[in-house]
Amino acid sequence: MADKVLMKGNEAIAEAAIRAGCLHYFGYPITPQTEVAAYMAKRMPKIGGTFLQAESEISAINMVYGVSSAGKRVMTSSSSPGVSLKQEGISYLAGSDLPALIVNVQRGGPGLGGIQPSQSDYFQATKGGGHGDYHLIVLTPASVQEMADLTQLAFDLADKYRMPAMLLADGTMGQMMEPVELPEPGTVKQVEKPWAVTGTKMEREHNIVNSLYLVPEELEKTNIERYERYKIIEENEARWEEYMMDDAEYCVVAFGIAARVSKNAVVAARKEGIKVGMIRPITIWPFPKKPIAKAADQVKAFISVELSMGQMIEDIRLAADCKKPVDLCNRVGGMIPSPEQVLESIKKAAGGNK
Amino acid sequence: MTTQLLIAGFGGQGVLFAGKFIAYNGLLEGRQLSWLPSYGPEMRGGTANCSVILSDEPVGSPIVSNPDVLIAMNLPSLDKYEDAVVPGGMIFVDSTLIERKVKRDDVKVFYVPSTRLANEIGLPTLANMIMVGKFIKESGAVSKDNVEAALKKVVSARHADLFDANFKAIDTGYNFAE
Numbered sequence: 001m002a003d004k005v006l007m008k009g010n011e012a013i014a015e016a017a018i019r020a021g022c023l024h025y026f027g028y029p030i031t032p033q034t035e036v037a038a039y040m041a042k043r044m045p046k047i048g049g050t051f052l053q054a055e056s057e058i059s060a061i062n063m064v065y066g067v068s069s070a071g072k073r074v075m076t077s078s079s080s081p082g083v084s085l086k087q088e089g090i091s092y093l094a095g096s097d098l099p100a101l102i103v104n105v106q107r108g109g110p111g112l113g114g115i116q117p118s119q120s121d122y123f124q125a126t127k128g129g130g131h132g133d134y135h136l137i138v139l140t141p142a143s144v145q146e147m148a149d150l151t152q153l154a155f156d157l158a159d160k161y162r163m164p165a166m167l168l169a170d171g172t173m174g175q176m177m178e179p180v181e182l183p184e185p186g187t188v189k190q191v192e193k194p195w196a197v198t199g200t201k202m203e204r205e206h207n208i209v210n211s212l213y214l215v216p217e218e219l220e221k222t223n224i225e226r227y228e229r230y231k232i233i234e235e236n237e238a239r240w241e242e243y244m245m246d247d248a249e250y251c252v253v254a255f256g257i258a259a260r261v262s263k264n265a266v267v268a269a270r271k272e273g274i275k276v277g278m279i280r281p282i283t284i285w286p287f288p289k290k291p292i293a294k295a296a297d298q299v300k301a302f303i304s305v306e307l308s309m310g311q312m313i314e315d316i317r318l319a320a321d322c323k324k325p326v327d328l329c330n331r332v333g334g335m336i337p338s339p340e341q342v343l344e345s346i347k348k349a350a351g352g353n354k
Numbered sequence: 001m002t003t004q005l006l007i008a009g010f011g012g013q014g015v016l017f018a019g020k021f022i023a024y025n026g027l028l029e030g031r032q033l034s035w036l037p038s039y040g041p042e043m044r045g046g047t048a049n050c051s052v053i054l055s056d057e058p059v060g061s062p063i064v065s066n067p068d069v070l071i072a073m074n075l076p077s078l079d080k081y082e083d084a085v086v087p088g089g090m091i092f093v094d095s096t097l098i099e100r101k102v103k104r105d106d107v108k109v110f111y112v113p114s115t116r117l118a119n120e121i122g123l124p125t126l127a128n129m130i131m132v133g134k135f136i137k138e139s140g141a142v143s144k145d146n147v148e149a150a151l152k153k154v155v156s157a158r159h160a161d162l163f164d165a166n167f168k169a170i171d172t173g174y175n176f177a178e
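Line by line, the protein sequences give chains S and V. Numbering-wise, the first sequence is residues 1 to 354 according to the working numbering. Numbering-wise, the second sequence is residues 1 to 178 according to the working numbering.
In case anyone wonders, no lab produced these hints; they're calculated from the structure. Note that the structure is predicted; figures quoted are calculated from it, not measured. We put the CB at the ideal spot given by N, CA and C, even for glycine. Take these hints with a grain of salt, some might be off.
To be verified - No farther apart than 25 Å at their CA atoms in a straight line, the calculated lysine to aspartate or glutamate pairs in the DMTMM-like style are these:
1) Lys-42/S x Glu-138/V
2) Lys-20/V x Asp-106/V
3) Lys-152/V x Glu-184/S
4) Lys-20/V x Asp-149/S
5) Lys-153/V x Glu-344/S
6) Lys-80/V x Glu-88/S
7) Lys-324/S x Glu-344/S
8) Lys-4/S x Glu-120/V
What the hints assert, rightly or not - Partial chain V-side listing against chain S, Cβ under 10 Å, derived:
9) Ser-38
10) Ser-51
11) Pro-58
12) Arg-100
13) Val-102
14) Gly-122
15) Pro-124
Said to hold, decoys possible - Non-contacting residues of chain S with respect to chain V, defined by C-beta distances greater than 12 Å in every case (computed):
16) Leu-6
17) Lys-72
18) Lys-127
19) Lys-160
20) Gly-171
21) Lys-231
22) Ile-233
23) Asp-246
24) Ile-274
25) Asp-297
26) Met-309
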């Protein structure tokens, strides 16, 4: 490991991707993720990679489809409105079992919305977004270090399970600088991709990358097989961090910037004698159901802290099997809850009786 | 120890750069830190600010709403953030551009005519670093030992000629006595 450097979250994504062996980037500028593209524009030509600013987000995602078909690591990045435009291509990637990384540095919506941070693309990221039965592996960084680490993990998981992965960040994570430690370049081992369309050299059968199945029996089979794979992923790849949960009577659930803010509130509540802890999902698909289910038998209530009108709260309720109440503590439209607001929500859940 | 710092001013005054320089000092001291800019549709002449947190423990929220230290480079920034500073905190005021006094009496205030000083030493764009020099001297949040190394990190190779200028500005602020 090299020395720690100071980087913006967006730059950490770009550098981590390059070090993970991604030499192909296609994108279109949009605040607050433009630094990803800017960094790629500067670096890619120097290392024999491809940076291409497409004419639109739709073109960019289809270029990603092309490179992924050839078996190379590839990514695109955008922010909320741009990621909406990419949904058709993401569904095609999923339907063709192609690995790729899509980065969404979220901003407030719906519509053109604003440019300040948000987490209101949770549903879009975890429940489809495009058409058809499919999932993305969705990783949610809560520090600049995780912007780098989870970018690399996203490439590995995408390749391992042959499916697109999404890094779901927000404007704060993209714009902030923190010390980050990056792995030495060239230390990443990539998997073989015998399915890639790289030319047969007249030595093997043609590989076909495609999402069109006009015979319903065949299409049904691909869907069922894909969901068998999803089941394995749900079993093995859920990731989360627990904070002060051992004796917790109340449980905050938050990811990304909301988790950073909530941590301050948990510390403050503990000082006031309220036994509260936090579960921070690092993947939101697969959602960390097990720790939530376990906590449902331990705590008196959950508090979902989100920069949305309440999207993750549905997954918490499902995972908790409605055993305990789940309160919502939120701000939207580019606003971020303050630690004081989260503390108030914790106190309200505790009902005054510590 | 944790220091929550807010630097605010007009876009173009170098408040983000000043914050970045202080953040690098923290990095060189091996401390935990975060740097978060405001990133609205800002432009030269608009308002800009950045939150810097230096701590011995992992940083929670990177957003500074109640700073221990406020560096106010213009009047709108002082008007907006004066009341947010924690009691016992510090406010650094560019007294060339801000004519009024700080109203609070429960904070330590340093009036530095940094814009005038910057003009006097022939570095009119470096009032920000003069304030940083004074901040280093009075706050104790970062030591003076790493100034040179931190400057090398933030002044890009392309602008290496500006290294000495920045150093001089920091020195001017550090040695300024009211």
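Minimum beta-carbon distance criterion (10 Å), Val-102/V to chain S:
With a minimum Cβ separation of about 24 Å from chain S (threshold 10 Å), the hint on Val-102/V is violated.
Take the C-alpha atoms of Lys-152/V and Glu-184/S, compute the straight-line distance between them, and say whether it is at most 25 Å.
At roughly 23 Å apart (the allowed maximum being 25 Å), Glu-184/S and Lys-152/V satisfy the hint.
Could you check if Ser-51/V really has its C-beta closer than 10 Å to a C-beta on chain S?
Hint holds; Ser-51/V Cβ to chain S Cβ min 9 Å, cut 10 Å.
With a cut-off of 25 Å on the C-alpha distance, tell me whether Lys-20/V and Asp-149/S pass.
holds, 23 Å
Checking one constraint from the list: CA of Lys-153/V to CA of Glu-344/S, max 25 Å. Satisfied?
Roughly 41 Å separates the two Cα atoms, so the pair is violated.
Within a Cα-Cα threshold of 25 Å, do Lys-20/V and Asp-106/V meet the stated pairing?
violated, 28 Å
Can we trust that Lys-160/S is non-interface, i.e. its beta-carbon lies farther than 12 Å from all of chain V?
Answer for Lys-160/S: holds, closest chain V Cβ roughly 30 Å.
Cβ separation check - Gly-171/S to all of chain V, threshold 12 Å:
Given that some Cβ of chain V is not farther than 12 Å from that of Gly-171/S, nearest at about 7 Å, it is violated.
Under 10 Å is the threshold here; is the Cβ of Gly-122/V close enough to any Cβ of chain S for the hint to stand?
Hint on Gly-122/V: violated, closest Cβ of chain S at ~30 Å, above 10 Å.
Nearest-CB test (12 Å) between chain V and Lys-127/S
Holds, since 28 Å exceeds 12 Å.
Proposed proximity, Glu-88/S with Lys-80/V (alpha carbon, max 25 Å):
violated, 45 Å
Any Cβ of chain V at or closer than 12 Å to Asp-297/S, or is the non-interface label fine?
Holds: least Cβ distance 28 Å, greater than 12 Å.
Hint violations for this structure: numbers 1, 2, 5, 6, 8, 12, 13, 14, 15, 16, 20, all remaining hints satisfied.
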